[in-house]
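If you read the sequence shown in my numbering, its first letter stands for residue 1, the second for the next number, and so on.
Because the hints were derived from the structure by calculation, they are not lab data.
One or more of the hints may lead you astray.
Quick list of the computed label-pair ranges, beta carbon to beta carbon [unchecked claim]:
1) Ile47 - Pro117: 39 to 47 Å
2) Thr44 - Glu119: 47 to 55 Å
3) Leu27 - Asn100: 28 to 36 Å
Just so you know, even glycine gets a beta-carbon here, dropped at the ideal spot from N, CA and C.
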Amino acid sequence: ANLSGKPSPTTWQAVFEDLSGRINCILQGTETEIGLESTVLDCTSEIPLVLRSGAITLEQLQKIEPKTRLYKMSEIEMPKSPGLKHRHYSPRAKVILISNFKFQISNKRAFIGLNAPRERFDLIKVCKSIEDYAHSVFAFFRQCDHENIETIYCETVEEKGIGLALMDRLKRASQTD
């Protein structure tokens, strides 16, 4: 579980930071293997709907049930699942999605993505793969909060496989209310 709107915890220490005093017990274990939350699937109708993409991808689900589709929430509809709010998974810093490696001037800034930027940043995380990116993004957001980063640049990825879930989380984190 996580506090609504904040980056999801991927370590027991992050759970403690968010929920200490709110819950009775926190188990100490290793960091999460995947980093993104679970896939949420609605099977209450004839066509299964992916409410929230996660580690189990749309492509994997379609191999089992070809009719499976992505759920598209209307603007006036109440969310059918946690994590479907507009701004969610967000650090305190402003999150900017980039594909062209053009950066704005800002004070304390950070970068996460698959390709190393040429410019200087206060904090950089270059990921080995999309899976590594998905695994690292929430911990990176939390690290940015701890280091008082003001702007986080997140490289965009192709929206297929785990990239669909990653881009969903990045888009939600980058939205402004």
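Quiz item: At the C-beta level, are Thr44 and Glu119 separated by a distance inside 47 to 55 Å?
Solution: 48 Å, holds
Quiz prompt | 28 to 36 Å as the expected CB spacing between Asn100 and Leu27, which holds or is violated | solution = 43 Å, violated
Quiz item: Holds or violated: 39 to 47 Å for the Cβ distance of Ile47 and Pro117?
Solution: 42 Å, holds
In this structure, only the earlier hint numbered 3 is contradicted, and the remaining ones agree with it.
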